[in-house]
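Position one of the sequence shown corresponds to residue 242 (our numbering), numbered consecutively onward.
To be clear, the hints were calculated from the coordinates, so they are not data collected in a lab.
Any given hint might turn out to be false.
What the hints assert, rightly or not - No farther apart than 20 Å at their CA atoms in a straight line, the calculated lysine to aspartate or glutamate pairs in the EDC-like style are these: (1) Lys301 to Glu319; (2) Lys262 to Asp298; (3) Lys259 to Glu292; (4) Lys330 to Glu292; (5) Lys259 to Asp247; (6) Lys302 to Asp321; (7) Lys262 to Glu249.
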Amino acid sequence: GLTKEDGETLERCIAMTKRGKFPPLMVVYDSCQGYTVEADGLIKDMTFIAEYTGDVDYLKKRESDDCDSMMTLLLTAEGDNSLVICADKRGNIARFISGINNHTP
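Could you build the full structure based on these sequences and the hints that come with them?
So this is what it looks like as structure tokens:
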């Protein structure tokens, strides 16, 4: 489970989303990386950006899937029980965030 502090943070994020408040983000196309997310304004350090959403499925069912937006949810010693989140059908902006790149060319 979540710590008390993490739970409170999650509740604040859910409340902000219900009010239609989101971090200033935009999805842009990059010829090398494909679609990426860029800040469209100031975002303070440690700001919650987005919860990764999608369909939860067993990894073994998605091993030959061509979805390029899968995130590991649970890895188990027995691979048959490992879970992934597949954002190809029910994803959000989080599917375009891949790691952290603070480099300014």
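Identify every previously stated hint that the structure contradicts and give their numbers, smallest first.
-> When the structure is compared with the hints, only number 2 turns out to be violated.
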